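Participant: For the record, the sequence lines run as chains A and B. The first sequence runs 1 to 668 under this note's numbering. The second sequence runs 669 to 1336 under this note's numbering.
Since the hints were derived computationally from the structure, they do not count as laboratory data. All of these numbers come straight from a predicted model, not from anything done at the bench. All C-beta atoms in this analysis are idealised placements derived from N, C-alpha and C, irrespective of residue type, glycine included. Please note: incorrect hints may appear among the correct ones.
SDA-like mimics (lysine to any residue), calculated; alpha carbons at most 25 angstroms apart, straight line [said to hold, decoys possible]:
(1) A:K349 x B:L838
(2) A:K380 x A:N445
(3) B:K1010 x A:E310
(4) B:K1131 x A:T421
(5) A:K350 x A:C513
Reference listing, derived: stretches of chain A covered by chain B, where coverage requires no fewer than 3 residues with Cβ under 8 angstroms from a Cβ of chain B [said to hold, decoys possible]:
(6) 345-351
(7) 376-386
Protein chains: 2
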Amino acid sequence: MTVKTVSFAPDAPAPSPVLVENVAPAIDGGRYPVKREVGDVLTVSADIFREGHDKIAAVVKYRRWHDREWCEAEMRFVDNDRWEGSFVVDENTRYEFTVEAFPDNFETWRDEITKKLAAGLDVRLELQEGMLLLEDVLRRAGSDDAATVARAMEQSLPATTQARSLEFLLDPVVVDVAQRHCSRVAAVEFEPYRSVIVDRVRARFAAWYSMFPRSAGSQRGTSATFKDVGKHLPRLRDMGFDVLYFTPIHPIGKTNRKGKNNTLNPGPSDPGVPYAIGSEQGGHFSIEPSLGTIDDFRELLRSAEDHEMEIALDIALNASPDHPWATEHPEWFTIRPDGSIKYAENPPKKYEDIYPINFQSEDWQGLWNELKRMILFWVKNGVKTFRVDNPHTKPTAFWEWLISEVHRTNPEVIFLSEAFTRPKVMRTLAKAGFAQSYTYFTWRNFKQEIMEYASELTQSEMKEYFRGNLFTNTHDILPYILQEGGRPAFRSRFVLAATLSSVYGIYSGYELCENTAVAGKEEYLNSEKYEHKVWDWDRPGNIIDDITRLNQIRREHPALQEYDNLSFLQASSDSVICYIKSLPEQDSHVMVVVNLDPFQPHESTIEAPYHVLGIPPDAHIQATELFSNSTHIWQGTHQTVYLDPKENPANIFSLKVWQQKDYEEPCF
Amino acid sequence: MTVKTVSFAPDAPAPSPVLVENVAPAIDGGRYPVKREVGDVLTVSADIFREGHDKIAAVVKYRRWHDREWCEAEMRFVDNDRWEGSFVVDENTRYEFTVEAFPDNFETWRDEITKKLAAGLDVRLELQEGMLLLEDVLRRAGSDDAATVARAMEQSLPATTQARSLEFLLDPVVVDVAQRHCSRVAAVEFEPYRSVIVDRVRARFAAWYSMFPRSAGSQRGTSATFKDVGKHLPRLRDMGFDVLYFTPIHPIGKTNRKGKNNTLNPGPSDPGVPYAIGSEQGGHFSIEPSLGTIDDFRELLRSAEDHEMEIALDIALNASPDHPWATEHPEWFTIRPDGSIKYAENPPKKYEDIYPINFQSEDWQGLWNELKRMILFWVKNGVKTFRVDNPHTKPTAFWEWLISEVHRTNPEVIFLSEAFTRPKVMRTLAKAGFAQSYTYFTWRNFKQEIMEYASELTQSEMKEYFRGNLFTNTHDILPYILQEGGRPAFRSRFVLAATLSSVYGIYSGYELCENTAVAGKEEYLNSEKYEHKVWDWDRPGNIIDDITRLNQIRREHPALQEYDNLSFLQASSDSVICYIKSLPEQDSHVMVVVNLDPFQPHESTIEAPYHVLGIPPDAHIQATELFSNSTHIWQGTHQTVYLDPKENPANIFSLKVWQQKDYEEPCF
């Protein structure tokens, strides 16, 4: 305990004189891991210092979470007692890391003796001290290094002047050996260790398409099958989606089943809500028979892979009254005094078709392990991504355990948190291990609120652990701006989602500009949640061309594939938002300008990002608008755009510095 | 390790569903304690939440560092998942504290059943569930409380309506018992625990006077004695000082002794530098014979106490070559290859009169314990405050250990860190336990830099652990502004030091405006460090009246006794700085306006602090200038001051809201 006095064992070594503080990145003092993706460079920094003027050295230590041996990366002094070192996280796994710092006695000696010799002082004793330090190095060095040092020491001894003696001892190869074999006596290792979850790149860069698989057919009143879904794969691949997310595919309960538009008296052919999971045909391990078999599902997964997509499953951890668990494991639910299982409520509202699971059950270990077994069952069948329904109604401690257990054998698995709730609850789910999170983007429509929120997501500490997956809509949410703004709003909101974040999603029907709402609500009328639907996927007025083009732009421009590289730029109009995503190391710079008003055209002066490109304001920028494929030469920091929501609600510019090579000899 | 997967023991309880995060105040994630003073209210806050809608409750747990039993203070919900609770730190000791949070099942039940009853639902089962919850309460409640609850349950059962039944169970006294005996099953306790050092109030509020005791006499060329110092106590008490700090009082080494003005060839009567501690007459446990005996010193301590002052000793942990340790414990120093002890150096400079101690010595435990014994020796003799010389040249780990060891038996001891070095090093010494710290104030002369630095000290996270003791000058530092600005600068700098912080100090001679410098340096010519001095303590041009008056003002105005209550106000002139220290709970508001230019008068519009006083801008403020004792009525947010450095370089206003009582019936 920090407050207690320290008592030392009689033979304890002296506490290190070196201090290491504020090791970053870290979330909540190291309690939670940060996140990166395979191939990233993780830069670790820390305040490192000691008393007085003696020299110190430091390394970043890191290892994969199941390894015991540390790897090391050298740290270098930056400024104001801040040090920095980096390593590449080249494996899809978790790492832990920390900082070790120690006195660098050889460097202290080198500094002192060099200054003294320069001042003409007698350094006889100092040379002897150097010899002692090098003898110490010899004890740690391998045979080749030791030979180098021993030779230098032998040559130094008989030298005719002190300066000559020192020259041998400070030969660069000797210094190099001394640095590499610096004594770690009096080293200090920072605790608590930090950790990082290294996900697949797709955790950061992906376009999601959300759908009800049962709506993929063409026959009214019946469920589509996985085979029907298979026929859509070319269409979805061509639009440029990476992840195809299905609402739950399990058997649906019959007891208290809901009818069309959430009514309580369903007809005999009403299919029920896929979230009321479990019937006599099985629960979370089973497939709704009208969709097909597990073999059909496996076949679809394979086919999706052939189309360079993956399928994400929806995990809703609750049960219909007909779920096998309700009879086999009533102890996993809350039992009332009359022996009945407690159904979901938000008093006075009742949800009698849903039994919430009791995660604090007496048999919580049996329950938790069964849920883990269920996830791993689908993983074994080929699922690598899960969208988790309402994780904020289950204990965060459960998710932290579950995700970490799954990652132990399957680090490739990505979990998306579908939590629309209070900000700290959403953040903590991400800290606990969810790779991606739903956001408030769906309701942020105007300039200031979009700028603030997108900055919070991508520029604050949240960028270390929270990857906002920006959904334009979901099967539960048809936002007001899409209801009122129609096709222009569908187009501008799509550009925002697909460029503000590297990961975004739409719910099917968005490409058709479907916006028939329940009056006065942000919900779909005749929602797919309650009925079989059939769609005309080429419906007039669709925005499939926009979607296809922008997903192509995202793939061609690495700057759009990063999450935390967003900067807002000035735009004179309050209806026009302007920002740039920039990845200088790949010379990729994409500037986006969007008219946020779906009703009226707006003209705006916008700021050309000379400072982001690192060029003087008298340079020229070559700006290619990517929807229209028209190129402009920009001169000066202020440019003008005119965005008509009916024609072009947004411009996306790829920027290059105009690089004219002057002739070596003037030719004019 | 956070990165590892969790494995549960077979009989482990389920992890708590409640989350506690960001428990504040805390320094470096709880690694270091915060600081408070006896009598303060410590408010603890945290983010606390759980999944879903069930209710939770939380307490602050706290205990003195040697106690095992926790005390508890209830926490209440504030906003955005933030909770808060407080307790009074009423003892001069260290405390540790944390937050415990748990599901509040009774409150969850009360909320649900109330809503259901209001909606006209049948709550038969819910009443039974309430009974079960109260039976659980009975098991924890004391006999009186249990009787109350049991009676309510008995009355509830036969009641004629469900509403009536519920009324008995929700009787306020029953709810009170249920809340007080809420189940702690599934509680979570936050770790790591936080801690707080609760110092004496004098750690926060004190005026320091620094002096060489040997300069207190009247006879040229000889040392004054402790008896001579005693004669100055009335004068220093009358000026209003609280702490009288002596440069080291130990025997001074003879080997390589320095002469006047730091020369290397001292005369036989040159007394040497008090920091070259140790001679054949003893070391850190002894007193320089020319000052007197240990009995004289004890007598002086007592007399100081009678004058409501205390004496602070200077701790310089190094030794002259004549120090007893050099012969008795050469192993506590650094031994060179020829067997000699390494003297202090800053190559190519040599300090041959000083042996630095080697805190990493093989016998470091013997050494550290001896240093602790030395501090406790002086504590036993009555010293309660130490000014530590150059703590940044000794390991911080040593100070953390030493201060904590001393506080174990003597929590009243205050350590002042005399470190003028890099910011992070200074901060970490404070974190390690120093009650007060020297600052860069001595070199901050102009408006913007003073505002920034004073805000950093008193308004940033530093206020939690770093109490800046603002010294106008020290025996090592005669700042340029005092050399050039003369008496007006001495007056304005004094006002700044004594009002920007609740704790400040001057080095003797300041009251005389002594500013004879070594040419081109910020050092005193003919410094007391190297010679016996005699002063005329009533020298013309002195500023004793200013000092006396301002120390009196500080005592009369509680707002000036707090550290972290500083706000800057607008002043139109760049040469005029304006700020307020405010303590609303004691209706104490002191506004300070200083002309920072020692050469020219400046007029400035200043902002009357209506917002700080919490009154509308059409109210009136009664402002009494405390140097001149003249009262003004201010109307409106902009007032004008004229400050002439030769006359009044500063105004200090005590502010009151003008409170006119209107007659109950108009009389006009």
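Participant: It remains to establish, for every hint, whether it holds in the given structure.
Facilitator: Status of the hints after comparison with the structure:
no. : hint             : in the structure
1   : A:K349 x B:L838  : 23 angstroms, holds
2   : A:K380 x A:N445  : 41 angstroms, violated
3   : B:K1010 x A:E310 : 70 angstroms, violated
4   : B:K1131 x A:T421 : 34 angstroms, violated
5   : A:K350 x A:C513  : 33 angstroms, violated
6   : 345-351          : holds (count 4)
7   : 376-386          : violated (count 0)
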